[in-house]
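Peer 1: Now for the letters of each chain:
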Amino acid sequence: MSHDFDRARPGNGGWIGRSVPRVEDDRLLRGNGRYVDDIALPGAVEAAFLRSPHAHARIESVDVTAALAAPGVVAVWTGDDVADLPAMLNKEELRTPPGLAELLDPVVRMTPMPLLAREKVLYVGQPVAVVLAENRYLAEDALELVEVRYAPLPVLVDPEHALTPDAPLLHEDLADNTAVAVATRVGDPEAAFAGAHAVVSEQFDAHRYVASPIETRAISAQVDPYSGRLTVWSGTQTPHRLRDAIAHTLGLESATVHVIAADVGGGFGQKGILYVEELLVPHAARRLGRPVLWREDRNENLTASSHAREQIHRIELAADAEGRLIAVRDRITVNFGAYNMTGLVVPYNSLCHLLGPYRVPNVHIDVVGVLTNTTFATPYRGAGRPETVFAMERAMDRLAAELGIEPEELRARNLVRPDEMPYATGLVDRSGRPQSYDSGDFPELLRRAVAKADVERVRAQQREGARDGKRVGIGFAMYIEATGLGPFETARIDIAPSGRVRLAIGAPSQGQGHRTSMAQIAADAIGVPLDAIDVVGGDTEATPFGVGTIASRALVNAGNATHRAGRLVREKIVEAAARRLGVAADGLDLSDGVVHAKEPGGPSISLTELAGKAPLPGTPEPTDGRHGTEISETVHFRPPGFAVASGAHAAVVEVDENTGEIEILHYVVVHDAGNIVNPMIAEGQVTGGIAQGIGGALYEEMVYGPDGQPRTGTYMDYLVPTSSEIPDLDMDEIFTPSPMNDLGVKGLGEGGAIAPQAVLAGAVEDALRPFDVVVRRGPLSPSRVRALIRTAART
Amino acid sequence: MKPTSFDYTAPNTVGEAVSLLADEEREAKVVAGGQSLIPMLSMRLARPELLVDITRIPELGRLHVDESGNLRIGAAVRQAHAAADNAVRDGWPLLAAAIGHIGHPQIRNRGTVCGSLAHHDPAAELPTAALALDARFVITGPRGTRTVLAEDFFVATFSTAVDADELLTEVVFPPPPAHHGWAFEELTRRHGDFATVGVAVVLERDTAAGTVRTARVVFCGAGPVPVRLPAAEDALVGSDAGEQARAAAARAVLAGLTPSDDVHATAEYRREGAAHLLVHACTTAWERC
Chain D
1 MSHDFDRARP
11 GNGGWIGRSV
21 PRVEDDRLLR
31 GNGRYVDDIA
41 LPGAVEAAFL
51 RSPHAHARIE
61 SVDVTAALAA
71 PGVVAVWTGD
81 DVADLPAMLN
91 KEELRTPPGL
101 AELLDPVVRM
111 TPMPLLAREK
121 VLYVGQPVAV
131 VLAENRYLAE
141 DALELVEVRY
151 APLPVLVDPE
161 HALTPDAPLL
171 HEDLADNTAV
181 AVATRVGDPE
191 AAFAGAHAVV
201 SEQFDAHRYV
211 ASPIETRAIS
221 AQVDPYSGRL
231 TVWSGTQTPH
241 RLRDAIAHTL
251 GLESATVHVI
261 AADVGGGFGQ
271 KGILYVEELL
281 VPHAARRLGR
291 PVLWREDRNE
301 NLTASSHARE
311 QIHRIELAAD
321 AEGRLIAVRD
331 RITVNFGAYN
341 MTGLVVPYNS
351 LCHLLGPYRV
361 PNVHIDVVGV
371 LTNTTFATPY
381 RGAGRPETVF
391 AMERAMDRLA
401 AELGIEPEEL
411 RARNLVRPDE
421 MPYATGLVDR
431 SGRPQSYDSG
441 DFPELLRRAV
451 AKADVERVRA
461 QQREGARDGK
471 RVGIGFAMYI
481 EATGLGPFET
491 ARIDIAPSGR
501 VRLAIGAPSQ
511 GQGHRTSMAQ
521 IAADAIGVPL
531 DAIDVVGGDT
541 EATPFGVGTI
551 ASRALVNAGN
561 ATHRAGRLVR
571 EKIVEAAARR
581 LGVAADGLDL
591 SDGVVHAKEP
601 GGPSISLTEL
611 AGKAPLPGTP
621 EPTDGRHGTE
631 ISETVHFRPP
641 GFAVASGAHA
651 AVVEVDENTG
661 EIEILHYVVV
671 HDAGNIVNPM
681 IAEGQVTGGI
691 AQGIGGALYE
701 EMVYGPDGQP
711 RTGTYMDYLV
721 PTSSEIPDLD
731 MDEIFTPSPM
741 NDLGVKGLGE
751 GGAIAPQAVL
761 AGAVEDALRP
771 FDVVVRRGPL
781 SPSRVRALIR
791 TAART
Chain C
796 MKPTSFDYTA
806 PNTVGEAVSL
816 LADEEREAKV
826 VAGGQSLIPM
836 LSMRLARPEL
846 LVDITRIPEL
856 GRLHVDESGN
866 LRIGAAVRQA
876 HAAADNAVRD
886 GWPLLAAAIG
896 HIGHPQIRNR
906 GTVCGSLAHH
916 DPAAELPTAA
926 LALDARFVIT
936 GPRGTRTVLA
946 EDFFVATFST
956 AVDADELLTE
966 VVFPPPPAHH
976 GWAFEELTRR
986 HGDFATVGVA
996 VVLERDTAAG
1006 TVRTARVVFC
1016 GAGPVPVRLP
1026 AAEDALVGSD
1036 AGEQARAAAA
1046 RAVLAGLTPS
1056 DDVHATAEYR
1066 REGAAHLLVH
1076 ACTTAWERC
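Chains as they are written, first to last, in this note's numbering: chain D, 1 to 795; chain C, 796 to 1084.
One should not assume that every hint holds.
Stated by the list, open to error - Covered by chain D, per the in silico footprint, the following chain C stretches (three or more residues, Cβ under 8 Å):
id, region
1, 977-987
2, 1064-1074
Unchecked claim - FRET-style restraints, in silico, Cβ to Cβ:
id, chain 1, residue 1, chain 2, residue 2, range
3, D, Glu541, C, Ala879, 53 to 59 Å
4, C, Glu1063, D, Ala175, 40 to 46 Å
5, D, Ser723, C, Asp1057, 24 to 30 Å
6, D, Pro112, C, Gln901, 43 to 49 Å
7, D, Glu147, C, Glu820, 25 to 31 Å
8, D, Lys470, C, Thr804, 50 to 56 Å
9, C, Asn865, D, Phe771, 47 to 53 Å
Since the hints were made in silico from the structure, they are not lab data. Note that CB positions come from ideal geometry on N, CA and C, so glycine has one too.
Excised from the complex, chain C in its bound form (with noise of 0.2 Å):
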């Protein structure tokens, strides 16, 4: 458990970075938290010849909320910051609320948002968060800068939309709709532990005609990627989130979710665990609109 040999730099730009990164020369990786990365490398399943530390890039550590009310979070923002941060708290409680379920205070005071985003594991809850709320992917590259929506950022377990010689500089949340509710929700062996399966819902309310107006429902360890369940969105749309549409929500998902066995839980375990969460989440989404 001791990694290869690996060189070590830690630019101050994000010019600086991409050209590293685009040296045909050396395999470089990105190291921000490592909460990830540090692992595998010392199981030597990673095995780079350059760490490119970004945490020293000024702009990167800037979280912010845009004059289009955007949210803004650099590659080298720590998760822990981002939870705490006053206008995530009021603007994307989901995504404060997922950085909660993420492993233990330790972990989350290293790790960062885009880290998590980046190296997408499909049980974690950051990509759900994302695709939840529907988040864009700034990239830099040696051909530019590139947004990418949240729905083709996410590729394979461990694989996204960034290149080898890409750096994922920024994730941009958009301001949630008006009137809307949300809930996260996991089942985990133990507390901080990856999800066993998990959700992520987001209900806008039609005010007027007082129903569901959209509908985003998102699971993690549920597939190869986060994975949105539209027939279970369309069974809320145009309801009043009452249980027989929660039910038909969640026969959508015993009937669509097609998650995978491993030592933790068999597939048919994560499909019903995934249906009853998003009962209860449906029901704690629709009180919060």
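Bound conformation, chain D alone (with noise of 0.2 Å):
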């Protein structure tokens, strides 16, 4: 890969801006993680859940009789045993904002989650019981002698015909399954419909896949005997919001619950949200008086963690002579699963995403989100834009098609232009403000995409025909991200009496380099080496108040944080040098660690001496009682609206129609997340994105079959690409900083991820331009590449 990652920044100190090599690589590397399951807590007994084999029925019975005798077992509970806890709602991710409301009034019925399930069951793979033994092999022995017995209902798996009026309910006191609903109107839809040269209408399905990160979830807890105080380890994105929700669900004061997210393999917002087992295992923890640890294997993880992505899209577009869009139509039906777990998130995002980077007059937008059989869904990397980015780029090489031009051209035609910026699209964001976007440059990302993928030398390969079978397309994707969101995240510096610095940020990491990316923004806003600095994140005792590392905000929201925390600091030492050298502050200036007159030849003094030491003898004391010693702030950085990252991604594939095997002969990806902070972990996410977006675009898939048992149970089924599957990245970047923080960053964690399935789709189509074939879902399997080829040549 060839890149000019490592220009120059702005930063203080120069750290900003530099590929500096990850402080955390040489603990993980050597095997010093600290993961949850490393964390050992003597005297642990071990968690195991029954789970529903049913993905609908009436619970009729119980007895845990037999396995409450098996050997090592400690308890076993079922859902009347934890009936007098509340269950769970994520109650965070279900509040509507208040402008939403306000101006669109969207449905959003709750379903609170029972921690074990009683009357009924909703899914294959919901708890229905757990036993705490000795170890997990008894705990699962265990889990054999469990007698449930269920009465089946009908199972529904299909969203579309979980609304018919006739479809079961899954919660008995909704009036149907309908978890959300919201809808969105620009201009006048219908008559630019009417008046429109051209029309498409066509229906795209994103389908089901999950996070599968590295490291399941986990969670252990003690009740510390010295304190009294509940402390709980888990690998989550948000461990402030899970020190609350165990507090509310126990009965605890919060400030007697201590959450730590130490080292964690992976999130990709399956971690983000709550889960009965992180209630239960601290539950248990206080109840038996032992430490308890649940560690979830990968069935679990693949069957019983939260899914994502499936959603339907019947979408239409309206266009001009020109190909200009004048109007879009999207009705998008979400398959929940079985709770309401998260809201309006993916679906309002999907909604705020759809119309991307292209400048669309009117709109109809009807989202539905849908209760059916299944396990629940949730955020996953991309939270709803992948899916809406993969019906409208569908949709608009449909429309090059349909009206001739090539498609890079029909999506240059339609690009807000940089001097429109900010731009309004008349939308309300997810926050519930006028949605604008604050920064960008979408033709220069088209300009650079297409410059890269050479769309001549594809083209005029298509002219020659195909050899031995194998024929070449080109794709093209965009998209936009409204990333940052907030409401807050706190950043708390102190200066210790040695002079090291300690930064503490709400926000755990799950291997984004927290560690390295924020000490470099504290380097450079106080002046000090980067090594002088020690980054602690997610632990709730570090910072009382935090949100988490979720929908690519940490780096906007902590990082602005730990810069104006930083910034703090500084005028604070260079003031208590200035005292200590007995010279006015603003002689003073602050770098690689030293305070030093502005001029050469001036006195200067290290931090290290000036936060070591008392006050020196005849130094005016500060008159408001700080000295060296004490330095500290605490900042909750609150962004003004959402930083607006962009990418275009293009693709050249070629496609045996014979086999229907598909190599990705060259990835294209340009993208603008504002300032980087630190170019290789920056690389790092988007090529990571990336890899889990061709996961979904060719291999990975979530299937159940109509009894609502899901057929993708274990690696074997469910496959997720390794390194051989992944394509070296052609990438590139444009820099267009947010006005909406003093960093000029925006977020790019989930960025990579959400073009791939687009732009892939797009590319297979085109390379089977011949067959006039429409790629209306994936994954490309061979299987289904070769049937598009069969039916079109049927047809």
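Please assemble the complex out of the two chains, which come individually in their own frames, going by the hints.
Peer 2: So this is what it looks like as structure tokens:
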């Protein structure tokens, strides 16, 4: 890969913008990571969950007598045993922002989830009982002895079927199986469609797939005998929310619960929500008076941790004779699975990212989230955007074909221009404010992607026809991503007596390298070397307030909180040094950990010396009582609006028409995430996102049978791409700094995952142009590609 | 995903192993490389009371060519060992090639040739290679030792001629015909996966006539056992393995192969893919003759 990532970026000490090697890696590569399972708690019991084998059934009886008598069993609990604990709601995610409520009046129905199922089970994998035993082996032995009698009920897997009037109800207190519904309009779409030169009307389906973090979920909990407080280690992406939920569920003060997200092996959104296991394990630790550990196995992760992506888009584009979009209509059906876990998050993200980088004057989008007897769906890297970009970009390709315009040209004609920034779409954003694109240069993204992908060469190869049945094709996809979701994030900086800097942020890391990138920001903001800084993330003791690492928000929120806290700390250091040195503060500068006079030859003092010693005799005491050993600042950064990242992907593929196999010959990504803190980390983030996107485009699908049984519950059947399946990426970037924050940064954790499904579908469809196929869903398995060709050949 | 409780023992002789397997008091299972058995234990799909580890039985670790020119591979010989062996690569290159398609190096380093055969996943490479190469299976049990032909060995998915109280001690590959060519090809979703569908072809050349004297065509991923397709073989025998003969063989596949649907591919895809692979494999095999 060739990059010019290492160019200088804005930054006081020059740390921001450098590909500093990750300070995490030495420890992790030597096997010194501390994941939940590595944290040994003497005397711990292990939990194992009995999960429903039925997609929809009434529980007639549960008998735990034999299980209780099994060797090593400490306790066996059913729904009745924990009925005194409130059912679980992901409250924060289910909250409708006031602006959104006022303007669009969305329907959001609550479906509290019992910690263990009592009357009914609603999906295969739902926890019905928990066994606590001396180890996991014995716990699983006892699981086999729990006798549950189920009376099966009719099963709903298809969300459109679940909306029909005669469909059975999952939640009998609701009028139907609708979990959320929201609609929005801009302009006069009906008139625009009536007067359109060209209309494309299609159905595109985003298929269900899952996050597959390399570390499955895990939680351990212990009541500390010394303090009496509850300490919880979890792989969560949102430790503060988990702390509050545990406290609420167990009837405790939040301050008596300490949640630590130590090393975490990938989250991708799957660990960004609350699960019943995370409440039951702390409950068990308190009730049993012993530490309790639960670690999810891979089968549980695939079938009972949150799923994602399944959406049906009935989309229509209207264009004038030049191919300019005059209206978009889309009815989006989102398969929520059995519980409404995260409300509007995914459906509304799909809604407000559908238009992407394009100018569309008339819009009607209707979204409904539907409850079905499948595992609940929640945000997964991209969170509604890959799905909506798949639909929109596929529709753009169909419109290009309809009008006889090259797909990249059609896109170019519709892009919002840089001189239109900030650009108001007419929609309402996810926070309930008028949606505005703060910055970006979409034409430049596309221009670079087109140039790199070498469209002309592909077209020339296509004119030569198939070689050995192999046909090349090219696809494009563009997206925007509103990043940096609020409401806030915390950074606290303390200067230790040794002069070392301790930075605590609310957002934990699941592998994103916060200890490096946040230290780079702090080093520049304060004026100290990188190795003088220690970063703590995801510990509710270190920062009592925080939100978490989700929604491409950590760099924007925690990064800017760090920057501001760093600048404030810097001011205090300089003031303390001025007092110590007896000079005016405005004559001093702080760099590389030394406060020195701006004029050459003037006095200087190192931060170590300043922080470590009591004030020198004769030095006036600061009137506010502060002195060098107590330099500390806490900042809560609240973003005023979204920082809009964007990207253009292009792919050249070769499709073997005989075998249906797809080879990615060239994958181009041009992205814009504003200012880049650590180019190497940024490249890793984009690359990882694309790898997961390619997984979804070509390999991964969580398949359910009509009986609601998952058919891809192991890695034999659920195919995650390995390094062999991911091509080298041809990466480029532009920088349009966000005006929404001091650092000018935008989130980039999710971006890579947004476009691959769309771009690969477009490229395959382009390769198969002679067969006139339309790619309406993925993953593009060889079998599915052959079916497209076969069907085309028959008609 | 934790196995039920089991005992473990590692005998030093075949006799000891067989008597452990024949003990009616305890349900025993043979383990060598563990590449299939261990996941099945973890998922509790297999629940033996005793694992009999045969990797410490010296005679089972042997791979050699006997005085009659047969390749003999003992039950504890790892796949990587067999694939790297010069005698195998020179004399039975199809076998080495088939092993190259199994999983990843870590899997081949642990997995044994006989373990994959005795486990018998019909989508796996080795059962198909064994049938294509007309292998013999030496089975020892309380009733003595017997030899079973490849066509009788594979009974159904995960089921072979080896009874619960018996041990597959050795697989024997007869010397291939003097003038022969081979090919092993498969379609997979990802590098290292079990075949969606695959084919092994062995063509024997009549050097005087320049035609195919004998042909063996065997598919994996096409049924509950490795599927030998005589109609495809007949289309090739006596021909010059040219375009017409290959097309006729492919038609025989489309007409005669009855694979199933699963989450990875439809039956129709497998049938078409098998026909396509066969055409290519015949070309390769004939070029190697």
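Peer 1: Could you run down the list of hints and mark each one as holding or not?
Peer 2: Against the structure, the hints:
1. Counting residues of the region 977-987 of chain C whose beta carbon lies closer than 8 Å to any beta carbon of chain D gives 5, which meets the minimum of three for the stated coverage.
2. Restraint check on the region 1064-1074 of chain C versus chain D: 4 residues with Cβ-Cβ distances below 8 Å, three needed, restraint holds.
3. About 55 Å separates the C-beta atoms of Glu541 of chain D and Ala879 of chain C, a value consistent with the hinted range of 53 to 59 Å.
4. Checking the proposed 40 to 46 Å range against Glu1063 of chain C and Ala175 of chain D shows it holds: the Cβ atoms sit about 43 Å from each other.
5. Ser723 of chain D and Asp1057 of chain C have their C-beta atoms about 26 Å apart, which keeps the hinted 24 to 30 Å range intact.
6. Between Pro112 of chain D and Gln901 of chain C the Cβ separation comes to about 45 Å, which falls inside the hinted range of 43 to 49 Å.
7. In this structure the hint that Glu147 of chain D and Glu820 of chain C lie 25 to 31 Å apart at CB holds, the actual value being about 28 Å.
8. One distance hint, 50 to 56 Å for the beta-carbon pair Lys470 of chain D and Thr804 of chain C, holds here, with the actual separation near 54 Å.
9. For Asn865 of chain C paired with Phe771 of chain D, a C-beta distance near 50 Å keeps the hint of 47 to 53 Å intact.
Violated hints are absent here; each numbered hint is respected by the structure.
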